[in-house]
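Engineer: So the sequences go chain by chain: A and B.
Count the first sequence with full-length UniProt numbering and you get residues 1 to 255, in order.
Count the second sequence with full-length UniProt numbering and you get residues 1 to 87, in order.
Don't take each hint at face value.
Stated by the list, open to error - Coverage of chain B stretches by chain A, computed from C-beta distances (three or more under 8 Å per stretch; other residues unrestricted):
{"id": "1", "segment": "1 to 8"}
{"id": "2", "segment": "12 to 19"}
{"id": "3", "segment": "24 to 31"}
{"id": "4", "segment": "39 to 45"}
What the hints assert, rightly or not - Label pairs and their in silico Cβ distance ranges:
{"id": "5", "chain 1": "B", "residue 1": "39", "chain 2": "A", "residue 2": "152", "range": "19 to 27 Å"}
{"id": "6", "chain 1": "B", "residue 1": "46", "chain 2": "A", "residue 2": "38", "range": "36 to 44 Å"}
{"id": "7", "chain 1": "A", "residue 1": "125", "chain 2": "B", "residue 2": "51", "range": "47 to 55 Å"}
{"id": "8", "chain 1": "A", "residue 1": "148", "chain 2": "B", "residue 2": "11", "range": "47 to 55 Å"}
These aren't lab readings, by the way, just hints derived from the structure by calculation.
Everything numeric in this text was worked out from a predicted model, so none of it was measured.
Using N, Cα and C, we set each Cβ at its ideal position, and we do this for glycine too.
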Amino acid sequence: MWQFFHKLGSPKWFYGIAGRFMPWLLGAGLLLSLCGIVWGLLFAPQDYLQGNSYRIIFIHVPTAFLAQSVYMMIAVAGVITLVWKMKVADVFVRSVAPVGVVLTLLALFTGAVWGKPTWGAYWVWDARLTSMLILLFLYLGIIGLGYAYSDEKTAARSVAVLAIVGVVNIPIIKYSVDWWNTLHQPATFRITEKPTMPAEMWVPLLLVVLGTYLLFGWIAFYRMQTEILRRERRTRWVRELVQTGGQSQLKTGGA
Amino acid sequence: MAFESFSALVYMEGHGPYVWTCYGAFFLLLGLLAWYSVFERRQVVRAQRDQQPLQTSRQGDSSDWGRSGEASFQRIQSSHSETASKS
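Please model the entire structure based on the sequences and the hints provided.
Structural biologist: What follows is the structure, encoded as structure tokens:
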């Protein structure tokens, strides 16, 4: 376990291992999410209360779930950056923060569009919605702070501190629907209970959730590889990789 | 199938515009993210490829300089090139 942890600290090793996982993550991710989306859009039954507008759930919940999970991962990577000064952890934070922005934007947008036919308004200053908006600003803050320093180590430390402080927002998002009276409906999935929806609705949703997690794995690895190439451009292995490898080696990792 | 016809699927009893807008945004933004990531990778690799022959010729021997078909300027060691090679 510790050996694995130490190896993970080496950008070269990580570059290679990421390349091996990526095709599987992309393939399985696309398969699961597309199956779930087609099932949800075409075959799942109508909701008795919301009609067909509920079909937005099949993309709203996965993006919202993932937006929060990605932030948690960033915070954990922030701790690793501060405690063990592991380069790959900072590479992760910087590479996936833009992915987090896209996911949060999608969760907010799909939520707003769903809100119109359901609540009669695109936006209300509700606890769940506001805390998600704060999550978007946290992601933007992480990206901005990363660019604010020319020294990479100082930038890494500052970004890590911001990520860790911002994690306080995650339980607020999660429990906002229980703590306050909100318009937003309660959680769709709970680990301890059976879903309240029928299986024809929650199974496709679960497929899309799993699929988007795998797709996130793919895009995270791909972007991390790019960041590693950029940061390690003066090292011998990157020079050799670029010179001799060509596209195929660059894709699979080559190291 | 939850819909009887294609037009029923598109219309979704009035909810079609909301549902399809969301799915459109989902695929558009994720597609853009993937495209931009590939674009960034290509830029990094291209920048590295463009820079590399420069670095090797600076470090390499002088016989490399007068290759046929290229400009026949003689390289003179200057303070600028020294600082550039250090960076």
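Engineer: Does each hint hold? Answer for all of them.
Structural biologist: Taking the hints in turn, this is what the structure says about them:
no., hint, in the structure
1, 1 to 8, "holds (count 3)"
2, 12 to 19, "holds (count 7)"
3, 24 to 31, "holds (count 4)"
4, 39 to 45, "holds (count 4)"
5, 39(B) - 152(A): 19 to 27 Å, "holds (23 Å)"
6, 46(B) - 38(A): 36 to 44 Å, "holds (38 Å)"
7, 125(A) - 51(B): 47 to 55 Å, "holds (51 Å)"
8, 148(A) - 11(B): 47 to 55 Å, "holds (49 Å)"
Comparing the model with each numbered hint stated earlier shows that all of them hold.
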